[in-house]
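There are 2 protein chains.
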Amino acid sequence: MLVKSSATIHLKLPRASTSVLVKNLYLSCDPYFRRRMNKPQGRYVIPSLLVRNMFPVNLDILNSIIWLLFSMLQPIAGVGVAKVVDAGHSYFKKGDLVWGFTGWEEYTISAPRTLFKIQHTDVPLSYYTGTLGMPGMTAYYGFYEICAPKKGEYVFVSAASGAVSQLVGQFAKLTGCYVVGTAGTNEKVELLKNKCGFDEAFNYKEEQDLDAALKRYFPPGIDIYFENVGGKMLEAVLLNMRSNGRISACGMISQYNLYREEGVRNLSCIIAKQLLVKGFIVSNHFNLYPKYMEMVIPLIKEGKICYIEDIVEGLESEPAALVGLFSGKNVGKQVVVVAHE
Amino acid sequence: MLVKSSATIHLKLPRASTSVLVKNLYLSCDPYFRRRMNKPQGRYVIPSLLVRNMFPVNLDILNSIIWLLFSMLQPIAGVGVAKVVDAGHSYFKKGDLVWGFTGWEEYTISAPRTLFKIQHTDVPLSYYTGTLGMPGMTAYYGFYEICAPKKGEYVFVSAASGAVSQLVGQFAKLTGCYVVGTAGTNEKVELLKNKCGFDEAFNYKEEQDLDAALKRYFPPGIDIYFENVGGKMLEAVLLNMRSNGRISACGMISQYNLYREEGVRNLSCIIAKQLLVKGFIVSNHFNLYPKYMEMVIPLIKEGKICYIEDIVEGLESEPAALVGLFSGKNVGKQVVVVAHE
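Protein chains in written order, with full-length UniProt numbering: chain A, 1 to 341; chain B, 1 to 341.
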């Protein structure tokens with residue numbers, strides 16, 4: 001016989017705590033999680049999102065710790081939108097909406113410095129996992145700060161309907177660039193052209209020869225490439241870059257599930273074409289967040305930026321959502337709703 | 001019966017010419033010649049040294065022209081030290097020593113803007129093909145302007161006894177960096193340590209595992225890599241770069257004789273370690289030449305910079321010297337003497 005019983009737990013921080021106890025509402029689901037599951041090899045460090053600032057230790061050690069946490073089945077640390085339940089820090093009070101470093105769980109105890117208080121609540125809250133959060137800042141920093149775009153330049157974006165790149169393409173259009181994106185389904189290609197305002201988009205899975213496809217879409221060549229995929233796409237892009245082109249390297253999702261990375265040819269183009277290739281981890285550039293918000297909030301409110309989200313319900317959906325990213329199952333930014341309030 | 005006869009030709013420019021007729025004394029022999037012999041493929045352009053500034057046309061067209069010139073067995077264009085025989089430009093007069101864009105021939109008609117008048121003649125004239133010419137500027141621009149070195153940083157240099165890198169290593173030591181170089185013979189390794197003042201040097205041909213070798217020489221990792229070789233060396237270096245490292249991409253000699261470039265793994269390190277990779281062609285940065293001369297001339301005169309040259313006699317030695325570069329036959333900067341005065 002099944003006996004049902006229920007009890008109420010009053011969640012509260014210990015009296016001396018300086019942390020913030022939050023109830024998670026939306027959780028972000030991002031490709032970088034996959035890389036943190038790899039056992040660190042050699043000096044190949046993978047600094048995790050906001051953790052770096054929390055623990056100023058050697059990155060190798062930090063990386064090993066992160067991997068251990070994964071392997072020991074601790075809740076996965078990530079970014080989310082949450083509501084403050086109890087705060088040991090005077091900046092936060094019960095009921096505040098925040099976004100920042102939480103975890104794949106219903107409630108998280110976070111360090112105050114890893115949380116941003118949400119100021120604008122007249123936009124969808126889930127946007128703080130996307131256009132108003134880490135992916136938005138990634139698009140902003142990688143495109144404006146690294147690529148320094150000029151009006152009329154030719155911009156190519158891979159994984160273009162993803163959390164970051166759909167914004168890069170729209171920022172590029174607002175700058176007066178010509179923008180082509182690539183994605184893995186015709187549905188995404190249509191969204192890029194019809195909803196995000198890309199000049200062109202194509203389904204890379206339908207192209208036999210990526211080099212030929214890029215030559216077709218960029219007869220004059222590419223000035224700016226926002227790199228999200230790596231491997232064969234990068235190999236083809238290098239052949240099609242113009243002199244003094246810039247490549248903002250944000251991710252290489254095509255490589256994360258491989259036992260050993262693919263070799264990429266055509267790197268000598270970096271010299272012959274005097275290319276800049278710059279990798280970055282956005283968590284080190286959040287000093288620019290207020291400047292970004294100043295730019296993007298009016299654009300959203302005026303409907304000049306759209307943001308495609310793929311929202312699934314329930315914490316239990318998060319693992320499948322993560323796995324889905326690597327086969328391109330998501331259409332737009334993958335968000336998981338943990339609780340609605 | 002063999003009849004010997006001789007006649008004197010008086011070399012002179014046509015009256016209306018604005019060019020400069022020079023007698024070549026020293027010619028530079030550099031790896032980039034090899035790349036200009038490839039038929040340009042697709043948009044893979046190879047802007048030639050000083051030619052770009054001379055002909056402001058589309059680079060694809062220019063590249064095809066350069067290739068055609070090679071294939072039609074014209075004298076190979078290159079950089080050299082020469083003496084003015086006749087000048088159609090008032091800045092130059094007969095007897096002036098110059099360096100700049102000449103050719104693999106005894107006499108060349110050059111455009112005035114491709115020649116620099118030699119101001120300092122109390123240093124070996126051949127240095128203007130090396131430390132005081134294009135390789136020197138390459139080391140200066142790539143190391144100081146791209147890599148922005150700081151005292152105490154860890155610097156790795158490949159092809160380290162070559163025309164450019166022997167200088168990079170010495171500039172790095174003058175900046176207070178820890179410098180390790182790699183070369184392909186034990187003789188070169190000894191020169192790097194004993195003559196050029198590198199902290200360490202190793203023969204890459206004696207290493208089974210380049211990654212392990214780099215970990216041995218750089219336990220803390222590499223901050224700055226001056227890239228001359230590409231391929232497997234770059235693959236190993238990427239694993240050993242530190243966060244925020246800089247890679248100045250100057251050449252990839254290991255790839256120039258291959259039908260198809262090798263694939264390079266570990267590119268995702270560019271993201272995880274937030275690396276900067278910058279390719280450059282030094283001819284676009286000669287606005288800094290006076291600043292460089294101001295720095296380097298006193299260093300040479302005070303004996304604080306040494307420069308190893310591999311000088312062969314006679315124009316007929318140039319092709320073999322060029323071929324020799326790709327098997328590492330040269331020890332130091334490869335120079336060919338065409339005439340002694």
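Treat the hints as calculated values from the structure; they're not laboratory data.
There could be a bad hint or two in this list.
Copies of the same chain look alike in the list, so a pair counts if it works inside one copy or between any two.
Said to hold, decoys possible - Computed cross-link-like contacts, DSBU-like style, restricted to lysine-lysine with a CA-CA straight-line distance of at most 35 Å:
1) Lys-291 <-> Lys-151
2) Lys-94 <-> Lys-151
3) Lys-4 <-> Lys-232
4) Lys-215 <-> Lys-93
5) Lys-151 <-> Lys-4
6) Lys-232 <-> Lys-23
7) Lys-215 <-> Lys-232
8) Lys-93 <-> Lys-232
9) Lys-83 <-> Lys-291
10) Lys-23 <-> Lys-215
11) Lys-173 <-> Lys-329
12) Lys-329 <-> Lys-291
13) Lys-150 <-> Lys-291
14) Lys-215 <-> Lys-4
15) Lys-205 <-> Lys-291
16) Lys-94 <-> Lys-205
Given the structure is predicted, the values throughout are model-derived calculations rather than measurements.
- Indicate which option fits the pair Lys-94, Lys-205 if close means a Cα-Cα distance not exceeding 35 Å: within, between, both or neither. For Lys-94 and Lys-205, neither the intra-copy (49 Å) nor the inter-copy (65 Å) Cα distance is at most 35 Å.
- Message: At most 35 Å between CA atoms: does that hold for Lys-173 and Lys-329 within a copy, between copies, both, or neither?
- Response: within (26 Å within a copy, 52 Å between copies)
- If the cutoff is 35 Å on CA atoms, where do Lys-215 and Lys-93 land: within, between, both or neither? Let me know, please. neither (55 Å within a copy, 49 Å between copies)
- Task: Give the relationship of Lys-4 and Lys-232 under a CA distance limit of 35 Å: within one copy only, between copies only, both, or neither.
- Result: Neither way: Lys-4 and Lys-232 sit 56 Å apart in one copy and 64 Å across, limit 35 Å.
- Message: Checking an output row: Lys-329 and Lys-291, CA cutoff 35 Å. Within, between, both or neither?
- Response: within (33 Å within a copy, 55 Å between copies)
- Task: Indicate which option fits the pair Lys-93, Lys-232 if close means a Cα-Cα distance not exceeding 35 Å: within, between, both or neither.
- Result: Classified as neither: same-chain Cα gap 49 Å, cross-chain 55 Å, threshold 35 Å.
- Query: Should Lys-215 paired with Lys-232 be assigned to within, between, both, or neither, using CA atoms and 35 Å as the limit?
  - Reply: Both. Shortest intra-copy (15 Å) and inter-copy (29 Å) distances satisfy the 35 Å Cα cut-off.
- Query: When no copy is specified for Lys-150 and Lys-291, does a C-alpha distance of 35 Å or less occur within a copy, between copies, both, or neither?
  - Reply: both (19 Å within a copy, 30 Å between copies)
- Message: If the cut is 35 Å between Cα atoms, do Lys-151 and Lys-4 qualify within a copy, between copies, both or neither?
- Response: neither (65 Å within a copy, 69 Å between copies)
- Message: Cα distance capped at 35 Å. Does Lys-291 pair with Lys-151 within a copy, between copies, both, or neither?
- Response: Classified as both; 21 Å inside a copy, 33 Å across copies.
- Same-copy or cross-copy closeness of Lys-83 to Lys-291 [CA-CA at most 35 Å]: within (24 Å within a copy, 58 Å between copies)
- Go through the copies and call it for Lys-215 and Lys-4: within, between, both or neither, with a Cα cutoff of 35 Å. neither (65 Å within a copy, 60 Å between copies)
Figure legend: structure checked against the earlier numbered hints; hints not met, in rising order: 2, 3, 4, 5, 6, 8, 10, 14, 15 and 16.
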